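Order-wise, the sequence lines are chains A and B.
Residue numbers for the first sequence follow numbering that gives the first Met the number 0, so the first one is 0 and each next one is one higher.
Residue numbers for the second sequence follow numbering that gives the first Met the number 0, so the first one is 0 and each next one is one higher.
Fair warning: there could be bad hints in the mix.
Same chains, same names: a pair is fine if it fits in one copy or spans any two.
[Stated by the list, open to error] As a list, the in silico DMTMM-like pairs of lysine to aspartate or glutamate whose alpha-carbon atoms are at most 25 Å apart:
1. K292 / E45
2. K63 / D40
3. K292 / D77
4. K56 / E183
5. K63 / D155
6. K56 / D395
7. K56 / D413
8. K292 / E81
9. K292 / E88
10. K56 / D40
11. K292 / E333
12. K57 / D117
13. K271 / D348
14. K251 / D366
15. K292 / D336
16. K292 / E321
17. K292 / D80
18. K292 / D25
19. K56 / D117
20. K56 / D150
21. K63 / D120
Hints are computed from structural coordinates only; laboratory data are not their basis.
These numbers come from a predicted model, not from an experiment.
Protein chains: 2
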Amino acid sequence: MSWTRSFLDRYLRIPSVSAQGTGIRDSVTLLLGVFTELGFDARVVETTGNPVVCAEKKTPGARKTLLVYNHYDVQPPDPLDEWRSPPWEPVERDGRLYARGVADNKANLAVRLGAVRDLGDRLPVNLKFTVEGEEEVGSPSLAGFVAAQRDWLQADGCLWETGGRDEHGTPDVICGVKGILHAEATCRGTARDLHSSVGVAVPSAAWTLVHALAGLRAPDGTVTLPGFYERVRRPGGADLAALDAMPYDEEKRREAYGIAGFLGGLCGPDLKEALVFRPTININGLTSGYQGKGSKTVLPKSASVKFDVRLVPDMDPAEIREKLRAYFRPFGIELSDAHGYPPARTAVDDPLVRAAAEAAREAWGRDPFLLPLMPASGPMYLYRALMPCVSFGTGDPASAIHAPNESVALSALDAGRAHVAAFLTRVAAL
Amino acid sequence: MSWTRSFLDRYLRIPSVSAQGTGIRDSVTLLLGVFTELGFDARVVETTGNPVVCAEKKTPGARKTLLVYNHYDVQPPDPLDEWRSPPWEPVERDGRLYARGVADNKANLAVRLGAVRDLGDRLPVNLKFTVEGEEEVGSPSLAGFVAAQRDWLQADGCLWETGGRDEHGTPDVICGVKGILHAEATCRGTARDLHSSVGVAVPSAAWTLVHALAGLRAPDGTVTLPGFYERVRRPGGADLAALDAMPYDEEKRREAYGIAGFLGGLCGPDLKEALVFRPTININGLTSGYQGKGSKTVLPKSASVKFDVRLVPDMDPAEIREKLRAYFRPFGIELSDAHGYPPARTAVDDPLVRAAAEAAREAWGRDPFLLPLMPASGPMYLYRALMPCVSFGTGDPASAIHAPNESVALSALDAGRAHVAAFLTRVAAL
Numbered sequence: 000m001s002w003t004r005s006f007l008d009r010y011l012r013i014p015s016v017s018a019q020g021t022g023i024r025d026s027v028t029l030l031l032g033v034f035t036e037l038g039f040d041a042r043v044v045e046t047t048g049n050p051v052v053c054a055e056k057k058t059p060g061a062r063k064t065l066l067v068y069n070h071y072d073v074q075p076p077d078p079l080d081e082w083r084s085p086p087w088e089p090v091e092r093d094g095r096l097y098a099r100g101v102a103d104n105k106a107n108l109a110v111r112l113g114a115v116r117d118l119g120d121r122l123p124v125n126l127k128f129t130v131e132g133e134e135e136v137g138s139p140s141l142a143g144f145v146a147a148q149r150d151w152l153q154a155d156g157c158l159w160e161t162g163g164r165d166e167h168g169t170p171d172v173i174c175g176v177k178g179i180l181h182a183e184a185t186c187r188g189t190a191r192d193l194h195s196s197v198g199v200a201v202p203s204a205a206w207t208l209v210h211a212l213a214g215l216r217a218p219d220g221t222v223t224l225p226g227f228y229e230r231v232r233r234p235g236g237a238d239l240a241a242l243d244a245m246p247y248d249e250e251k252r253r254e255a256y257g258i259a260g261f262l263g264g265l266c267g268p269d270l271k272e273a274l275v276f277r278p279t280i281n282i283n284g285l286t287s288g289y290q291g292k293g294s295k296t297v298l299p300k301s302a303s304v305k306f307d308v309r310l311v312p313d314m315d316p317a318e319i320r321e322k323l324r325a326y327f328r329p330f331g332i333e334l335s336d337a338h339g340y341p342p343a344r345t346a347v348d349d350p351l352v353r354a355a356a357e358a359a360r361e362a363w364g365r366d367p368f369l370l371p372l373m374p375a376s377g378p379m380y381l382y383r384a385l386m387p388c389v390s391f392g393t394g395d396p397a398s399a400i401h402a403p404n405e406s407v408a409l410s411a412l413d414a415g416r417a418h419v420a421a422f423l424t425r426v427a428a429l
Numbered sequence: 000m001s002w003t004r005s006f007l008d009r010y011l012r013i014p015s016v017s018a019q020g021t022g023i024r025d026s027v028t029l030l031l032g033v034f035t036e037l038g039f040d041a042r043v044v045e046t047t048g049n050p051v052v053c054a055e056k057k058t059p060g061a062r063k064t065l066l067v068y069n070h071y072d073v074q075p076p077d078p079l080d081e082w083r084s085p086p087w088e089p090v091e092r093d094g095r096l097y098a099r100g101v102a103d104n105k106a107n108l109a110v111r112l113g114a115v116r117d118l119g120d121r122l123p124v125n126l127k128f129t130v131e132g133e134e135e136v137g138s139p140s141l142a143g144f145v146a147a148q149r150d151w152l153q154a155d156g157c158l159w160e161t162g163g164r165d166e167h168g169t170p171d172v173i174c175g176v177k178g179i180l181h182a183e184a185t186c187r188g189t190a191r192d193l194h195s196s197v198g199v200a201v202p203s204a205a206w207t208l209v210h211a212l213a214g215l216r217a218p219d220g221t222v223t224l225p226g227f228y229e230r231v232r233r234p235g236g237a238d239l240a241a242l243d244a245m246p247y248d249e250e251k252r253r254e255a256y257g258i259a260g261f262l263g264g265l266c267g268p269d270l271k272e273a274l275v276f277r278p279t280i281n282i283n284g285l286t287s288g289y290q291g292k293g294s295k296t297v298l299p300k301s302a303s304v305k306f307d308v309r310l311v312p313d314m315d316p317a318e319i320r321e322k323l324r325a326y327f328r329p330f331g332i333e334l335s336d337a338h339g340y341p342p343a344r345t346a347v348d349d350p351l352v353r354a355a356a357e358a359a360r361e362a363w364g365r366d367p368f369l370l371p372l373m374p375a376s377g378p379m380y381l382y383r384a385l386m387p388c389v390s391f392g393t394g395d396p397a398s399a400i401h402a403p404n405e406s407v408a409l410s411a412l413d414a415g416r417a418h419v420a421a422f423l424t425r426v427a428a429l
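Start from the sequences and build out the full structure, keeping to the hints where you can.
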C-alpha cells in the first residue's frame, strides 16, 4: 500500500461529521502527526467552533509561497442502509476506493501530502496548509480564523480543496465557487398536534409551509423570491469562451442522475450556463408530522424545511437571507440557522489558473477545461480576498459526493499526486 | 377503584397500536375475558387483518336488540417526549385520567360494559358487541367481517364508538361520520441522493412534491383538485336547524388550538357548516431528505406526503382516489396505500337518535345537541347499511384525541355509564 493510500486508510476511518460533532479531535490528532512526519511545523488553531490545523514548510531559497485549503469534516453518512459497505471502513471495489468523505475531500489532501513526500528535498516552494473542520456546515468560524491569522496566511496563491474529471476523463481546473446560504424555515401552527378531523377549519402548519415554498420557486426552476436575481452578473467574454470549451455529456449525466431531462427543459449552452452561472434554491429536507409506518390522522403542529441557496457573483448571502425572512414573515414562518458565504472567483486567465492547467495537461495527459465558477460552494471568498485561488482534485462523476457509496478511482491517487507536484513546480516559476 | 376504572386500568396498559402491529393479541385476550365475566357469549372472529371480538348477551323477553361498535386499537403515541406521563401507564391528574387511547375510545367501551354490569338482571335489551382492531388504520378488514357476519349482526339499531361534551359540558349525540381516504404520495426523482450543487439544473423530488401539493388546496383551505366537490350534498332543513342549535365556542376553541383565527377567516354559521358538512384534504406528514442536526447540502432522491381526505355525503373514496391518482400522475408522483371508506349518516329525527338524546338529558342533566355528521371519520357505513346508527361517549375538548396527553374527565365515567343505561331502557321501548 502506497504512503498516500495508507494515510487515507487511517484518515477515512474517522467519522468526522461536523453536523453531528463527531471525530473532530481524532482528525486533528491524525493531521498534526502526519504534517510533523512530513517535516512541517504544525499547530492547532482553536476557533469559536472546530479547530483549524495549520502547517508550514519553508523551502530554502524558494521565492514563492503556496497556501492550501482543505477540510477534515465530511457530510453525515445517512441514509445508512444504502451503503454497500460501511461508510467508515475504506473498501476497494472494481478499481475504486469507497468511504464517506473520500472524494469530498480526504483524497485531495492525501495526494497533496503524497506529492510533498514524493518531492522530498526537491520541493520548489514554501507551503502553508490550512485544514478546517466546519466546511460541511458552512464554515461559521473560518472568517474569524482568517482575520486572526491574516499575516500568517500571506502567500502568492491558494490551492483550493476540490476538483476532478468528467465522464471522459478530462480534468477540470476550477477558478471559483458559488456562494451558499444554508437555512431552515419552520412554520408553527397549532399549540399541539390535533386530530386531523378539525383540519377543514384549522390552519395547518404543513399546508402553510407548502404554499410558502411553492411561491419561492416555479416548477421550471426559476426562483420567484422578489429581487432574487437583482445582483446576478452576466458572464463575460472569457467566461463564455471557457463555458463553450467546457465538455458536458448531457446523456451520460442524465443516465447517472436517473432523470429523463434537465430542469425546465435546460440543454446545450443554456444548461452549462445554468450550472456555472445561475443561482437557485434547493430543498435539502422536509419534516412534518407522522413519518412512521401506516397512517396517522394528525394535524401536525409544525412543519419545517432545510434548504440551501446557491449564489453567484455578486449576490450577497446576508441580503438574500433578509429577503427570505421578509418573504416568510407574512406566512408566520420563521427563518433560523441561516448562515453562509458569498461566491468568489479568480479570472480564467490568471497566471495561477494557467499554472494549474499546464500541470493538469502534464499529469493527466490531456487538456483540462476551465470552470469559471463551480456549481458547488465553499468559503473561498475569505482566501480570495488575500490572493488568487485555483482548485483541482481527484473526483469524477461517479464519486457520489454527499451521497451513499462515495468513492474515488484508485488511479486518480497517482495522477492526482503528479498533478500537484507539476503545479508546485510551475508556481515556483510564476 | 370502580369496576369500570379497574377494567380501564388493565385495558389502557396494552399498547394496541394497529399502525405498528403491537398489543393486538393481548387486547383480544383481555376483551374475551371481560365479556365472559359479564355473562356474554364471546368469540374471536379472524379477518384478513386484526381479529374482531364479538360478544352477545340475550335477555329473556327482550324485544329489541342493540348492536355496539368499538375498536381496541389506538393511535401511535409519538411524539413521546411531549407526554407528561408515559402513554401506556394510566395516571390520574387533576380529575382526569391520562393514557393513549383513553378518549378514543377505550373509556367508551369501559362505560358501556360498566352500564351492563350496573344493570345486571335489569338489562332491558339483547346486546351484541363488536370490537375491531383496525379503526385507526382505516378498518381495511371490516367490510369482509360485516359481509361474513351479516346475519349475526342484525339488530334494531347500532351504538357507535364515540362522542362527548363541548367546553361548557353540553353532551353531543352524533348522527353520522365523515368518510375518509388515507393515502401516501411519493415523488421519486433522481436515481440517488445527489450533491445539491446540481439542483440548479436537475429536477428535485421535493420541489415537485411541493408544487403538486400546492395545486391541491388553496391557502384559504378550498380544495382545488378538479371535481373534488362534485358529489357534495348541501345540508337539508333539519340539518341546518341542528347546526343552528349546535353550540360552538369559537374563542375557547381558538384558545385551545392556539390559533389567531380559523382557516380562511371562517366564523359563525359558516365555520360550523365547514366542520360538519365540508370535505378537505389534510397533510398528516411530510418526509424528504436530511432531517438530522445541522445542514446537509443534498438533493433528496424522493419526497413523500401522508395525507387524509375527509369526505361528506355523497362523496366516494374510490372516485376521489382515482381523481388524486390522475392529478399526481403528470408530476411523476405515485399514490400508494390509498384506502378508506365513505361517509354515513342517520337522520337527526330518527327514533334511535331521539332515544340517545333523551338519555343524554337524563344522565348529564342538560339538553344535548345533535351533530348531523361529526368532523371525525369511521367505517359507520358498513353498519348503517344494516340499521340506523347513533353515537355518544365520554370525551371533551381537552381530550387531545390522537395527540400527546390524551385524557378523559374521571366524572365522565359515571355520567357516561348512566347515559348508556338510560339509552338501553329507551331502546327497549322503541
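Do the hints match the structure? See the list:
1. K292 / E45: between (45 Å within a copy, 23 Å between copies)
2. K63 / D40: within (18 Å within a copy, 96 Å between copies)
3. K292 / D77: This pair counts as both: shortest intra-copy Cα distance 19 Å, inter-copy 12 Å.
4. K56 / E183: neither (41 Å within a copy, 59 Å between copies)
5. K63 / D155: within (6 Å within a copy, 98 Å between copies)
6. K56 / D395: neither (30 Å within a copy, 75 Å between copies)
7. K56 / D413: within (23 Å within a copy, 84 Å between copies)
8. K292 / E81: both (19 Å within a copy, 20 Å between copies)
9. K292 / E88: Between copies, since 23 Å is at most 25 Å while 31 Å is not.
10. K56 / D40: within (6 Å within a copy, 90 Å between copies)
11. K292 / E333: Answer is between; shortest inter-copy Cα gap is 17 Å, intra-copy 29 Å.
12. K57 / D117: within (16 Å within a copy, 95 Å between copies)
13. K271 / D348: within (20 Å within a copy, 70 Å between copies)
14. K251 / D366: So K251 and D366 pass the 25 Å test inside one copy only (20 Å; across, 73 Å).
15. K292 / D336: between (30 Å within a copy, 11 Å between copies)
16. K292 / E321: For K292 and E321, only the inter-copy Cα distance (23 Å) is at most 25 Å; the intra-copy one is 38 Å.
17. K292 / D80: Both: 17 Å inside a chain and 19 Å across chains, each within 25 Å.
18. K292 / D25: between (38 Å within a copy, 21 Å between copies)
19. K56 / D117: within (15 Å within a copy, 91 Å between copies)
20. K56 / D150: within (16 Å within a copy, 92 Å between copies)
21. K63 / D120: within (16 Å within a copy, 104 Å between copies)
Hints 4 and 6, counting from the list given before, are not met by this structure.
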